[in-house]
Amino acid sequence: MAVSIQREDFDAAAESAALRAGGGDIGAIVAFTGICRSDNGRLAALELDAYPEMAQAEIARIVEEARSRWPLEAVRVIHRYGRIAPGENIVLVLTASSHRQAAFEAAEFLMDYLKTRAPFWKKEHLADAAGNWVEARQIDEAAAERWAAGGKKSA
Amino acid sequence: MAVSIQREDFDAAAESAALRAGGGDIGAIVAFTGICRSDNGRLAALELDAYPEMAQAEIARIVEEARSRWPLEAVRVIHRYGRIAPGENIVLVLTASSHRQAAFEAAEFLMDYLKTRAPFWKKEHLADAAGNWVEARQIDEAAAERWAAGGKKSA
Amino acid sequence: MKILYFAWVRERTGRAEEDIDVPADVATVGELIGWLKSRGPEFEHAFTDAAVIRAAIDRIHVKHDARLAGAGEIAFFPPMTGG
Amino acid sequence: MKILYFAWVRERTGRAEEDIDVPADVATVGELIGWLKSRGPEFEHAFTDAAVIRAAIDRIHVKHDARLAGAGEIAFFPPMTGG
Numbered sequence: 001m002a003v004s005i006q007r008e009d010f011d012a013a014a015e016s017a018a019l020r021a022g023g024g025d026i027g028a029i030v031a032f033t034g035i036c037r038s039d040n041g042r043l044a045a046l047e048l049d050a051y052p053e054m055a056q057a058e059i060a061r062i063v064e065e066a067r068s069r070w071p072l073e074a075v076r077v078i079h080r081y082g083r084i085a086p087g088e089n090i091v092l093v094l095t096a097s098s099h100r101q102a103a104f105e106a107a108e109f110l111m112d113y114l115k116t117r118a119p120f121w122k123k124e125h126l127a128d129a130a131g132n133w134v135e136a137r138q139i140d141e142a143a144a145e146r147w148a149a150g151g152k153k154s155a
Numbered sequence: 001m002a003v004s005i006q007r008e009d010f011d012a013a014a015e016s017a018a019l020r021a022g023g024g025d026i027g028a029i030v031a032f033t034g035i036c037r038s039d040n041g042r043l044a045a046l047e048l049d050a051y052p053e054m055a056q057a058e059i060a061r062i063v064e065e066a067r068s069r070w071p072l073e074a075v076r077v078i079h080r081y082g083r084i085a086p087g088e089n090i091v092l093v094l095t096a097s098s099h100r101q102a103a104f105e106a107a108e109f110l111m112d113y114l115k116t117r118a119p120f121w122k123k124e125h126l127a128d129a130a131g132n133w134v135e136a137r138q139i140d141e142a143a144a145e146r147w148a149a150g151g152k153k154s155a
Numbered sequence: 001m002k003i004l005y006f007a008w009v010r011e012r013t014g015r016a017e018e019d020i021d022v023p024a025d026v027a028t029v030g031e032l033i034g035w036l037k038s039r040g041p042e043f044e045h046a047f048t049d050a051a052v053i054r055a056a057i058d059r060i061h062v063k064h065d066a067r068l069a070g071a072g073e074i075a076f077f078p079p080m081t082g083g
Numbered sequence: 001m002k003i004l005y006f007a008w009v010r011e012r013t014g015r016a017e018e019d020i021d022v023p024a025d026v027a028t029v030g031e032l033i034g035w036l037k038s039r040g041p042e043f044e045h046a047f048t049d050a051a052v053i054r055a056a057i058d059r060i061h062v063k064h065d066a067r068l069a070g071a072g073e074i075a076f077f078p079p080m081t082g083g
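Residue numbers (the working numbering), protein chains in the order written: chain R, 1 to 155; chain F, 1 to 155; chain C, 1 to 83; chain V, 1 to 83.
Chain R on its own, in the form it takes in the complex (with noise of 0.2 Å):
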């Protein structure tokens, strides 16, 4: 399957092997793991959010999305809910493809789109305060509006 939607932790350099031994003429791969950062000790912890059932449906249709604009070997994409510590890793995004052009561009398709699109919702969780809800960022909106109508990337 290529999208999970899960509270455990993931093996980024399992799912890699598992990616290159599907076959294919894989020529590059992709990875993007996505991690919790303190933001300089700031954080305690994050806690995701998430609609799972939605979040496997949407991430799928993202996919296909991909897979239709770029010629892609592989793709995997696996993204956590629940509470996650800093450091720990939250998403994880690998395209393979024969060039690596289209495993750039379709991991950055992929991340931009899940950023804006995949139902989830961060809480901070302070060191020395109450949660807050993260605020959606005007800039994660222009990433993903950059591939509207089929256009390539001119960020």
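Don't read these hints as lab results, they were simulated from the structure. Everything hinted at is true.
Quick partial rundown of chain F residues pointing at chain R, CB under 7 Å, derived from the structure:
| # | residue |
| --- | --- |
| 1 | Ala13 |
| 2 | Asp25 |
| 3 | Val30 |
| 4 | Ala31 |
| 5 | Gly34 |
| 6 | Ile35 |
| 7 | Arg37 |
| 8 | Phe104 |
| 9 | Met111 |
What you are looking at is a predicted structure, and each value in this text was computed from that prediction instead of being measured. Quick reminder that beta carbons are idealized off the backbone N, C-alpha and C, glycines included.
Since the structure of chain R is provided, determine the placement of chains F, C and V on it from the hints.
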């Protein structure tokens, strides 16, 4: 050391773990792995000729250039030379940053510059013929040129 | 009709999900939001700035003018901040 | 002066490196290529299309108009195809 030029294979997972263990407020890691393709069985092996001392120095200069352009927490580049069979690793580029855009752009920049400036030459050993040196591709020059003069990518 | 709430919409309404009978004249997502706001101050609070609230019908993003006819599961949530 | 050859430049000249005394009036990389070509058919062959040949002085890329003064190690090679 940020740059290694070596005959031996590398362990991308171990390199990534070392990068994360190095500290800093890492929120994004991009790992690019370049792999020898078989070209649908046409290729028996690649022979990578190298000028290792210059490759070390030139890639270190490219890494410094990337660090001056993007706020990177860590960078790691490994480029192999010698005989490499289909399915084997050729090159690893790892970039770590607080935010994903810097990590993605720096990794693409490093690959584009590696392709056109690092002193390596690929000779293809075919399954049923003599070896041929791979011709440099204009598309790689164009990919590198989009970063010229401090520019952002627009290709 | 099953309604789900996420993130601060859930915190403000005080519930993660509920099954409710929506009046027949509530035809769109926007009208459903208006009707929900009439149910009490916690809903008024959750949907005060209705324009920022996102909605999904049967796990697909929809706009506020989407029609409810045939919907099984409707979700309300703030703009996404995953990834 | 130490000269290195790589890839098909090495194969055509038949050597990976050599130490040679270059005449004093050979002042630039381009002039060195011209002088090398006079050394025999294998060099004539290697440098026939001189414009495609890349050069590095002391492990830094240079153009053909770069001066040789002070150079310790000069390398000649085709366009790079690594990565």
